[in-house]
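Could you build all of it, start to finish, from the sequences and the hints given here?
Single-letter residue listing:
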Amino acid sequence: MEITPSILHTADLFAGLSDTQLTALAAVGQVSVFHRGDIILKEGEQSTAVYVVLKGQVEVVSELTENTTSLIILGAGQSFGEMSLLDAGPRSATIRCLSPEASLLTFTRDDLLAFWDQESRVGYRMLFNIARDLAFKLRIRNLTNALPRGGGDL
Amino acid sequence: MIYKVSYVIVGGQHRGMVINQEEAPQVGHRVELDEQLCEIIEVQELVPPMGDFAYLHATCRLLEEEGISNQ
Chain A
0 MEITPSILHT ADLFAGLSDT QLTALAAVGQ VSVFHRGDII LKEGEQSTAV
50 YVVLKGQVEV VSELTENTTS LIILGAGQSF GEMSLLDAGP RSATIRCLSP
100 EASLLTFTRD DLLAFWDQES RVGYRMLFNI ARDLAFKLRI RNLTNALPRG
150 GGDL
Chain B
0 MIYKVSYVIV GGQHRGMVIN QEEAPQVGHR VELDEQLCEI IEVQELVPPM
50 GDFAYLHATC RLLEEEGISN Q
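Top line first, the protein sequences correspond to chains A and B. When we follow numbering that gives the first Met the number 0, the leftmost residue of the first sequence carries the number 0, and every step to the right adds one. When we follow numbering that gives the first Met the number 0, the leftmost residue of the second sequence carries the number 0, and every step to the right adds one.
A few of these clues could be false.
[Unchecked claim] Not the full set, but computed from the structure, chain B residues with beta-carbon under 10 Å of chain A:
(1) Ile1
(2) Val17
(3) Leu45
(4) Gly50
(5) Asp51
(6) Thr58
[Stated by the list, open to error] Think about it this way: if two alpha-carbon atoms lie no more than 20 Å apart in a straight line, the pair counts; the simulated DMTMM-like pairs of lysine to aspartate or glutamate are:
(7) A:Lys54 / A:Asp37
(8) A:Lys136 / B:Glu41
(9) A:Lys54 / B:Glu34
(10) A:Lys41 / A:Asp86
(11) A:Lys54 / B:Asp33
(12) A:Lys54 / A:Asp86
(13) A:Lys54 / B:Glu41
[Unchecked claim] Chain A residues, not near chain B, derived (Cβ > 10 Å throughout):
(14) Met0
(15) Asp11
(16) Ala23
(17) Lys41
(18) Glu58
(19) Glu62
(20) Leu70
(21) Met82
(22) Asp86
(23) Gly88
(24) Asp110
(25) Asp116
(26) Arg120
(27) Arg131
Quick caveat, the hints were computed from the structure, so don't treat them as lab data. In this text, a Cβ means the ideal position worked out from N, Cα and C, and glycines have one as well.
If you want it as structure tokens, here you go:
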């Protein structure tokens, strides 16, 4: 799958970046293809890559309780793994491929931080976007908690 | 404009979905969530728009439970 600026423009993690910046950023990442049922990352594991869904759908699964719970589906344009990118802590949920096939753009923490050191304006913008996305997710949680039941979670 | 939409389904144990799309969700529109046909019953702005992105929250109800999924 060819990564073009037009594809990346639809992901809010990259909002505010120019085509030139997006092209340079795409060269830092790696495209990975997963198939239905593949575990992309595992709750509790120590890994720090961040992912952007380019195509397909993945599901966020919690294994905190005895019963595995599928929390929410993430489609094109969504990113995940930001928390471990920021704090290097263990993964807070398992991510599993839900669609027959999903293409993800993956950045390792080291590669991304090195790129941000070189391109500080890109780093500023992406960190702002990550913070905004976390705020978005928190607001969803607040809203869905107010629903009668079964409103989903994030 | 890119619409980052959080979809939730009321009244059951159904997963929601977050997706970026180029068309704004509207009340009355039908969407397929987690392989189930739903109708949007409410759309609200979750965060003010910024740049090319709008941030919306769409509440949906299942249509299949009402037996009208074949319409």
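Here's how the hints hold up against the structure:
1. The interface hint given for Ile1 (chain B) is met, as the beta carbon of that residue sits about 6 Å from the closest beta carbon of chain A, less than 10 Å.
2. The interface hint given for Val17 (chain B) holds, since its Cβ lies 5 Å from the closest Cβ of chain A, which is under the 10 Å cut-off.
3. Hint status for Leu45 (chain B) relative to chain A: holds, with the closest Cβ pair at about 5 Å, below 10 Å.
4. Given hint, Gly50 (chain B) at the interface with chain A, holds; its Cβ is 5 Å from that chain's nearest Cβ, closer than 10 Å.
5. For the restraint placing Asp51 (chain B) at the interface with chain A, the shortest Cβ-Cβ distance is roughly 7 Å, inside the 10 Å limit, so the hint holds.
6. Taken as an interface hint, Thr58 (chain B) checks out: its beta carbon lies about 8 Å from the nearest beta carbon of chain A, inside 10 Å.
7. This hinted pair checks out: Lys54 (chain A) and Asp37 (chain A) have alpha carbons roughly 15 Å apart, not beyond 20 Å.
8. Of the pairs offered as hints, the one joining Lys136 (chain A) and Glu41 (chain B) holds, with about 18 Å between alpha carbons and a cut-off of 20 Å not exceeded.
9. Of the pairs offered as hints, the one joining Lys54 (chain A) and Glu34 (chain B) holds, with about 17 Å between alpha carbons and a cut-off of 20 Å not exceeded.
10. Between Lys41 (chain A) and Asp86 (chain A), the direct Cα distance comes to roughly 17 Å. Compliance with the 20 Å bound is thereby established for this hinted pair.
11. A hinted pair counts as satisfied when its Cα atoms are at most 20 Å apart, and Lys54 (chain A) with Asp33 (chain B) qualifies at roughly 16 Å.
12. For the hint linking Lys54 (chain A) to Asp86 (chain A), the alpha-carbon distance of about 27 Å lies beyond 20 Å, and the restraint is violated.
13. Our distance criterion of 20 Å between C-alpha atoms is broken by Lys54 (chain A) and Glu41 (chain B), whose separation comes to about 27 Å.
14. Interface exclusion of Met0 (chain A) from chain B stands, the closest Cβ pair being 17 Å apart, more than 10 Å.
15. Not every C-beta of chain B lies more than 10 Å from that of Asp11 (chain A), the closest at about 5 Å, which undercuts listing it as non-interface.
16. Every C-beta of chain B lies more than 10 Å from that of Ala23 (chain A), the closest at about 19 Å, which supports listing it as non-interface.
17. With a minimum CB-CB distance of about 19 Å to chain B, Lys41 (chain A) clears the 10 Å threshold, and the non-interface call stands.
18. Not every Cβ of chain B is farther than 10 Å from the Cβ of Glu58 (chain A); the closest lies at roughly 7 Å, contradicting the non-interface assignment.
19. The non-interface label for Glu62 (chain A) is consistent with chain B: the shortest C-beta to C-beta separation is roughly 16 Å, beyond 10 Å.
20. In this structure Leu70 (chain A) is not separated from chain B by more than 10 Å, as the shortest Cβ-Cβ distance comes to only about 7 Å.
21. Look at Met82 (chain A): its CB is around 16 Å from the nearest CB on chain B, clear of 10 Å, so calling it non-interface holds up.
22. Every beta carbon of chain B lies more than 10 Å from that of Asp86 (chain A), the smallest distance being close to 22 Å; the non-interface claim holds.
23. In this structure Gly88 (chain A) is separated from chain B by more than 10 Å, as the shortest Cβ-Cβ distance comes to about 22 Å.
24. The beta carbon of Asp110 (chain A) sits about 24 Å from the closest Cβ of chain B, which is more than 10 Å, so the claim that it is off the interface holds.
25. No beta-carbon of chain B comes within 10 Å of the beta-carbon of Asp116 (chain A); the shortest separation is about 24 Å.
26. With a closest Cβ-Cβ approach of about 15 Å to chain B, Arg120 (chain A) is found to remain outside the 10 Å limit, as its non-interface label requires.
27. Interface exclusion of Arg131 (chain A) from chain B breaks down, the closest Cβ pair being 7 Å apart, not more than 10 Å.
Hint violations for this structure: numbers 12, 13, 15, 18, 20 and 27, all remaining hints satisfied.
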